[in-house]
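Fit chain B to the given chain R structure using the hints.
Chains as they are written, first to last, in the numbering used here: chain R, 1 to 335; chain B, 1 to 335.
Where hints are given, some of them may not hold.
[Claimed, not checked] Under the rule of at most 16 Å between Cα atoms (straight-line distance), these lysine to aspartate or glutamate pairs were calculated in the EDC-like manner:
| id | chain 1 | residue 1 | chain 2 | residue 2 |
| --- | --- | --- | --- | --- |
| 1 | B | 259 | B | 66 |
| 2 | B | 121 | B | 97 |
| 3 | R | 323 | B | 209 |
| 4 | B | 323 | R | 209 |
| 5 | B | 259 | B | 93 |
| 6 | R | 78 | B | 64 |
| 7 | B | 78 | R | 209 |
| 8 | R | 78 | B | 66 |
| 9 | B | 78 | R | 64 |
| 10 | R | 206 | B | 325 |
| 11 | R | 323 | B | 163 |
| 12 | R | 48 | R | 64 |
| 13 | B | 323 | R | 163 |
| 14 | B | 206 | R | 325 |
Treat the hints as calculated values from the structure; they're not laboratory data.
Protein chains: 2
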Amino acid sequence: MKLFSKNLDTRLDTLYDAIVVGGGMGGLSAAIYLARYGLKCLVIEKGKGRSVWMQDLRNYLGLDPDTPGRDIVNHGTKQAIDWGADHLRGYVEEVTDEDDHLAVKVKIGKKDSTYPVFRTKYLVAASGVIDLLPQVENMQNVYDYAGYTLHVCMICDGFDMWDQKAVLIVGRESQINAAFVLNWYTPYISVLTNGLFSVGDEMRQKLADHGYPLYEAPIAQFLGENHKMSGVELEDGTVVEATTGLINMGSIYHNHYLKNIPGLEWNDENLVTNDMAQTSHERIFALGDLKQGLNQVSIAVADGTLAATQIWRNIRRASTPRKWEENIPKLSTTV
Amino acid sequence: MKLFSKNLDTRLDTLYDAIVVGGGMGGLSAAIYLARYGLKCLVIEKGKGRSVWMQDLRNYLGLDPDTPGRDIVNHGTKQAIDWGADHLRGYVEEVTDEDDHLAVKVKIGKKDSTYPVFRTKYLVAASGVIDLLPQVENMQNVYDYAGYTLHVCMICDGFDMWDQKAVLIVGRESQINAAFVLNWYTPYISVLTNGLFSVGDEMRQKLADHGYPLYEAPIAQFLGENHKMSGVELEDGTVVEATTGLINMGSIYHNHYLKNIPGLEWNDENLVTNDMAQTSHERIFALGDLKQGLNQVSIAVADGTLAATQIWRNIRRASTPRKWEENIPKLSTTV
Numbered sequence: 001m002k003l004f005s006k007n008l009d010t011r012l013d014t015l016y017d018a019i020v021v022g023g024g025m026g027g028l029s030a031a032i033y034l035a036r037y038g039l040k041c042l043v044i045e046k047g048k049g050r051s052v053w054m055q056d057l058r059n060y061l062g063l064d065p066d067t068p069g070r071d072i073v074n075h076g077t078k079q080a081i082d083w084g085a086d087h088l089r090g091y092v093e094e095v096t097d098e099d100d101h102l103a104v105k106v107k108i109g110k111k112d113s114t115y116p117v118f119r120t121k122y123l124v125a126a127s128g129v130i131d132l133l134p135q136v137e138n139m140q141n142v143y144d145y146a147g148y149t150l151h152v153c154m155i156c157d158g159f160d161m162w163d164q165k166a167v168l169i170v171g172r173e174s175q176i177n178a179a180f181v182l183n184w185y186t187p188y189i190s191v192l193t194n195g196l197f198s199v200g201d202e203m204r205q206k207l208a209d210h211g212y213p214l215y216e217a218p219i220a221q222f223l224g225e226n227h228k229m230s231g232v233e234l235e236d237g238t239v240v241e242a243t244t245g246l247i248n249m250g251s252i253y254h255n256h257y258l259k260n261i262p263g264l265e266w267n268d269e270n271l272v273t274n275d276m277a278q279t280s281h282e283r284i285f286a287l288g289d290l291k292q293g294l295n296q297v298s299i300a301v302a303d304g305t306l307a308a309t310q311i312w313r314n315i316r317r318a319s320t321p322r323k324w325e326e327n328i329p330k331l332s333t334t335v
Numbered sequence: 001m002k003l004f005s006k007n008l009d010t011r012l013d014t015l016y017d018a019i020v021v022g023g024g025m026g027g028l029s030a031a032i033y034l035a036r037y038g039l040k041c042l043v044i045e046k047g048k049g050r051s052v053w054m055q056d057l058r059n060y061l062g063l064d065p066d067t068p069g070r071d072i073v074n075h076g077t078k079q080a081i082d083w084g085a086d087h088l089r090g091y092v093e094e095v096t097d098e099d100d101h102l103a104v105k106v107k108i109g110k111k112d113s114t115y116p117v118f119r120t121k122y123l124v125a126a127s128g129v130i131d132l133l134p135q136v137e138n139m140q141n142v143y144d145y146a147g148y149t150l151h152v153c154m155i156c157d158g159f160d161m162w163d164q165k166a167v168l169i170v171g172r173e174s175q176i177n178a179a180f181v182l183n184w185y186t187p188y189i190s191v192l193t194n195g196l197f198s199v200g201d202e203m204r205q206k207l208a209d210h211g212y213p214l215y216e217a218p219i220a221q222f223l224g225e226n227h228k229m230s231g232v233e234l235e236d237g238t239v240v241e242a243t244t245g246l247i248n249m250g251s252i253y254h255n256h257y258l259k260n261i262p263g264l265e266w267n268d269e270n271l272v273t274n275d276m277a278q279t280s281h282e283r284i285f286a287l288g289d290l291k292q293g294l295n296q297v298s299i300a301v302a303d304g305t306l307a308a309t310q311i312w313r314n315i316r317r318a319s320t321p322r323k324w325e326e327n328i329p330k331l332s333t334t335v
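Okay, chain R solo, but in the shape it has when bound (with noise of 0.2 Å):
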């Protein structure tokens, strides 16, 4: 059921078989399984994550290819819930491991705030990362672009950009590689830093013998009309055509809750797991983006499965077998 502030004491004495954080793809798709399997679960969704901000899913097997990432996370949300979830919306301060379970504490509410705590035998964080945007003075302006012809992810929405002028923005030198990787869909590069670094000379050597022209004076502004590029303003007044873009400046990873977990494994800031999602500390999986992989939504949807999966699976061996109490009854019949 939905929890709000105002229900959710019914939850305080709850242990929880497993605690979701993150009710974006890989998420709700941990929580249909885990409530299909009848086992308890909380997701806890923070609200405007990378999913409702994808304007169309291109890639995922049976939705139409201009179906919004919104639609499929209140889909599954709705969905969840329907076989027996709860869903609260909320923000995981902190996940604190007490030996035979994880408190798993939360902030309810932007203003006048409340820090209750639940306590669940399995974590599943799925709270994703957040992409870098380059910021300008009206950052409207960029989310008018974002996600529509300037993308985030290449893998996404390479083919969108193909044989187009294309912007590379980046924000750091080793970023500026995905140039030749974006080659593979078009050769009309520019690579923009956004006046954020300086780019060395072996770089600008390289990016000048693949023909890109590098630009390096700080965005003014995106240019176009209905969420239609058709070129970069920079501050130094230059004009930059393109009708397509790509943002390669990094992530925010959401796991500053799990920072004090002892003996979680990192691989920087992603987390390390086995084939069931499952990090090295036994009670904590880990799914989609904020695990090592691809970033995409298939991905968390199976990193989901097999999350749920594997919970199950333990908490299943670790209960007693239900025996048919009566004794064997005479079921059957003679025709």
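Just chain B now, kept in the frame of chain R:
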């Protein structure tokens, strides 16, 4: 495009980037990704796969839980073709390793069959399995319930069997062990051997300890109406009451066409794959039910993503990088 006997000649000189054997969930996901990576791919589908037997797909994020597998296959086939994949109805007879490519021999048509051979750099084995069903005199009687209230996948449909009287139909003794997992969902389990084998004393005792009756006569027919089971009638006249059932008789693997490829690593009938769904043969990938792991739609769909992405990486890295061929043009104008 859709290929038929009449137009497939146009593709006999093509060296495909990838041929996908099997147009079910995994194969179609791979094809959508491959096409959107701009790769030339062909899906070869024999028809009547496991997916089209699914009457409702409960666990797949984004779709209503009463969506038939057939609808997703139809939708995904159209989507793959729209993005540029070729699709052919046919039966893959054999794959031959010809060093720098693979040759795929296909049987087209049941009568007056032809046997065209297609060539490809990579092969995606996505031909899956089909569940063995109990053989009764009138097989239509089995099909009337299979996929509705008579299930073949406990993870998919266990929830829908909750606390119901259930038959577990098996083909050999070790398969009876599913009873001790199925009892998570319901303890009211009757085990049916369909007269196929004799049960040892130890297993007999274990069933008795759990209170699960064992019926060893062959099945005469399933009882019920409108796809809803009410019981099973055995040839000895016994009627076993049950409103649901699980068939756990094993599967037939559609993998014969790979059996002559040297160096492929198998685990029983499953192909062993790495974390990108690649087999021990660098040109061959395996997805979903053909590889080790959970037989779930979400897993097959993710495997398709992984295989297509690795094939793209391999081909892209071997290709000449595209340069902006003109001298760096004067793209910038001053506002």
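Taking the hints in turn, this is what the structure says about them:
1. B:259 to B:66: violated (37 Å)
2. B:121 to B:97: holds (10 Å)
3. R:323 to B:209: holds (8 Å)
4. B:323 to R:209: holds (8 Å)
5. B:259 to B:93: holds (11 Å)
6. R:78 to B:64: Roughly 10 Å between the alpha carbons, so the hint for residue 78 of chain R and residue 64 of chain B holds.
7. B:78 to R:209: It is violated: about 41 Å lies between the C-alpha atoms, which goes past 16 Å.
8. R:78 to B:66: holds (14 Å)
9. B:78 to R:64: holds (10 Å)
10. R:206 to B:325: This hinted pair holds, its Cα atoms lying about 14 Å apart.
11. R:323 to B:163: holds (11 Å)
12. R:48 to R:64: violated (22 Å)
13. B:323 to R:163: holds (12 Å)
14. B:206 to R:325: This hinted pair holds, its Cα atoms lying about 14 Å apart.
Of the numbered hints stated above, those contradicted by the structure are hints 1, 7 and 12, listed in ascending order.
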